[in-house]
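S.K.: Sequence:
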Amino acid sequence: MFGPIEFILAGVLVGFCVGVTGVGGGSLMTPILISLFRIEPHIAIGTDLLYAAISKFCGSFVHAKKMNIVWPIVIWLAVGSIPASFATHWVLDNYLSQSTHYKAVLTMVLGFMLTITGLSILFRTQIENLFNKYRKQELPDMTQDLEKVKLQAKEKRIAIMIMGVILGIFVTLSSVGAGAFGIMALVVMFPNLPMIRIIGSDVVHAVLLTLVAGLGHMSSGNVDFMLLMWLLVGSIPAIIVGTLLSSRMPEKLIRKILGITLFGLGLNFMLNPVKSKPAQPAETAMVVMSQNSQSV
1 MFGPIEFILA
11 GVLVGFCVGV
21 TGVGGGSLMT
31 PILISLFRIE
41 PHIAIGTDLL
51 YAAISKFCGS
61 FVHAKKMNIV
71 WPIVIWLAVG
81 SIPASFATHW
91 VLDNYLSQST
101 HYKAVLTMVL
111 GFMLTITGLS
121 ILFRTQIENL
131 FNKYRKQELP
141 DMTQDLEKVK
151 LQAKEKRIAI
161 MIMGVILGIF
171 VTLSSVGAGA
181 FGIMALVVMF
191 PNLPMIRIIG
201 SDVVHAVLLT
211 LVAGLGHMSS
221 GNVDFMLLMW
231 LLVGSIPAII
241 VGTLLSSRMP
251 EKLIRKILGI
261 TLFGLGLNFM
271 LNPVKSKPAQ
281 PAETAMVVMS
291 QNSQSV
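Each residue of the sequence shown is one higher than the one before, counting from 1 in the UniProt record's numbering.
The set of hints was computed from the structure by calculation and includes no laboratory data. Hints may contain errors.
Stated by the list, open to error - Calculated pairs, BS3-like style, for lysine-lysine (alpha carbon to alpha carbon, straight line, at most 30 Å):
(1) Lys66 / Lys252
(2) Lys150 / Lys256
(3) Lys150 / Lys252
(4) Lys156 / Lys252
(5) Lys150 / Lys66
(6) Lys148 / Lys66
(7) Lys150 / Lys65
(8) Lys256 / Lys154
(9) Lys65 / Lys148
What the hints assert, rightly or not - Have a look at the derived ranges for each label pair, beta carbon to beta carbon:
(10) Ile240 / Gly264: 40 to 50 Å
(11) Trp71 / Met218: 36 to 46 Å
(12) Arg248 / Ala87: 37 to 47 Å
(13) Leu130 / Asn272: 31 to 41 Å
(14) Ile196 / Met270: 11 to 21 Å
(15) Phe61 / Met270: 32 to 42 Å
(16) Arg248 / His101: 12 to 22 Å
(17) Val105 / Lys65: 21 to 31 Å
(18) Thr261 / Lys148: 37 to 47 Å
(19) Leu267 / Leu151: 25 to 35 Å
(20) Arg38 / Pro191: 42 to 52 Å
(21) Leu146 / Ser35: 20 to 30 Å
(22) Ile158 / Ile5: 29 to 39 Å
(23) Ile158 / Met195: 15 to 25 Å
Model, not experiment: these values are computed from the prediction. Beta carbons: idealized from backbone N, C-alpha and C, even for Gly.
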């Protein structure tokens with residue numbers, strides 16, 4: 001029903017929105033693939049995770065070049081998130097993948113994450129104002145003295161790892177949350193750290209997490225590589241164009257539309273999760289064995 005042109009246009013739409021607003025591609029791409037193109041939730045999530053890892057890589061390279069990354073924060077987040085991602089994928093593969101609740105679990109978690117993401121977009125100004133009340137006025141010290149940041153990261157490593165575990169679980173289940181929720185958590189834990197370093201650290205961690213989670217889904221056959229290729233063909237140029245035009249576009253209006261859309265999609269996924277179960281290899285094998293025995 002759908003071909004390369006439609007997938008490229010979807011990539012263009014998502015890439016342009018990401019370029020203009022900075023909203024993570026995962027929160028847009030996965031619901032589009034499921035709702036519009038009727039792609040199975042596990043395939044959409046697995047493909048989108050690799051899409052996110054590739055599309056975020058360029059941004060992480062830029063942040064690394066500009067020295068915007070606090071590596072101890074990235075490392076401690078990864079210490080929590082990567083094992084959590086492996087564990088979540090193992091549970092999915094060994095317990096849920098053959099269950100009638102498999103797709104329902106994925107779509108309900110996706111809906112929950114989309115609902116929160118939509119609310120965070122709609123009330124971004126209020127959330128930022130709330131965070132700013134806790135942000136200290138010592139930015140020059142934290143900007144110039146990375147040793148203080150590293151010391152704080154070491155002192156708060158348990159909290160950072162716990163946050164990583166939470167991100168690892170939810171990102172592996174839904175492909176959503178590596179960006180927005182990671183940034184909010186880091187702002188709370190490091191109130192006097194410049195936002196550019198919080199964003200840079202979060203982007204690098206998101207690349208690592210989405211790559212690991214995506215590879216896990218790939219090992220289970222949950223990645224459509226042709227779909228991934230067409231999405232990237234459309235989105236990468238569109239991200240560049242959107243970024244260049246962002247100063248001329250009505251960002252607030254676009255954000256409001258995105259927020260309402262994601263919130264509505266999230267509620268729909270939670271209230272009406274996909275209930276049909278995927279093809280089960282075990283059952284397929286039984287049917288083949290039965291046919292062979294009958295033919296004999």
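S.K.: A separate judgement is required for each hint: does it hold in the structure or not?
M.R.: These are the hints, each one checked on the structure:
1. Lys66 / Lys252: holds (28 Å)
2. Lys150 / Lys256: Since the Cα atoms of Lys150 and Lys256 sit roughly 37 Å apart, the hinted pair is violated (cutoff 30 Å).
3. Lys150 / Lys252: Roughly 35 Å between the alpha carbons, so the hint for Lys150 and Lys252 is violated.
4. Lys156 / Lys252: violated (35 Å)
5. Lys150 / Lys66: holds (18 Å)
6. Lys148 / Lys66: holds (19 Å)
7. Lys150 / Lys65: Holds, at roughly 19 Å.
8. Lys256 / Lys154: Violated. Lys256 to Lys154 sits at ~38 Å, over the 30 Å cutoff.
9. Lys65 / Lys148: At roughly 21 Å apart (the allowed maximum being 30 Å), Lys148 and Lys65 satisfy the hint.
10. Ile240 / Gly264: 40 to 50 Å: With a Cβ separation near 29 Å, Ile240 and Gly264 fall outside 40 to 50 Å, so the hint is violated.
11. Trp71 / Met218: 36 to 46 Å: Between Trp71 and Met218, where Cβ atoms are some 27 Å apart, the hint is violated.
12. Arg248 / Ala87: 37 to 47 Å: holds (45 Å)
13. Leu130 / Asn272: 31 to 41 Å: holds (32 Å)
14. Ile196 / Met270: 11 to 21 Å: violated (34 Å)
15. Phe61 / Met270: 32 to 42 Å: At roughly 36 Å between Cβ atoms, Met270 and Phe61 fall inside 32 to 42 Å, so the hint holds.
16. Arg248 / His101: 12 to 22 Å: The hint (12 to 22 Å, Cβ to Cβ) is violated, given that Arg248 and His101 are roughly 47 Å apart.
17. Val105 / Lys65: 21 to 31 Å: The hinted range 21 to 31 Å is violated for Val105 and Lys65, with Cβ atoms some 40 Å apart.
18. Thr261 / Lys148: 37 to 47 Å: Roughly 41 Å apart at Cβ, these two residues keep to the hinted range, so it holds.
19. Leu267 / Leu151: 25 to 35 Å: violated (43 Å)
20. Arg38 / Pro191: 42 to 52 Å: holds (44 Å)
21. Leu146 / Ser35: 20 to 30 Å: violated (44 Å)
22. Ile158 / Ile5: 29 to 39 Å: The hinted range 29 to 39 Å is violated for Ile158 and Ile5, with Cβ atoms some 50 Å apart.
23. Ile158 / Met195: 15 to 25 Å: holds (24 Å)
When the structure is compared with the earlier hints, violations turn up for hints 2, 3, 4, 8, 10, 11, 14, 16, 17, 19, 21, 22 and for no others.
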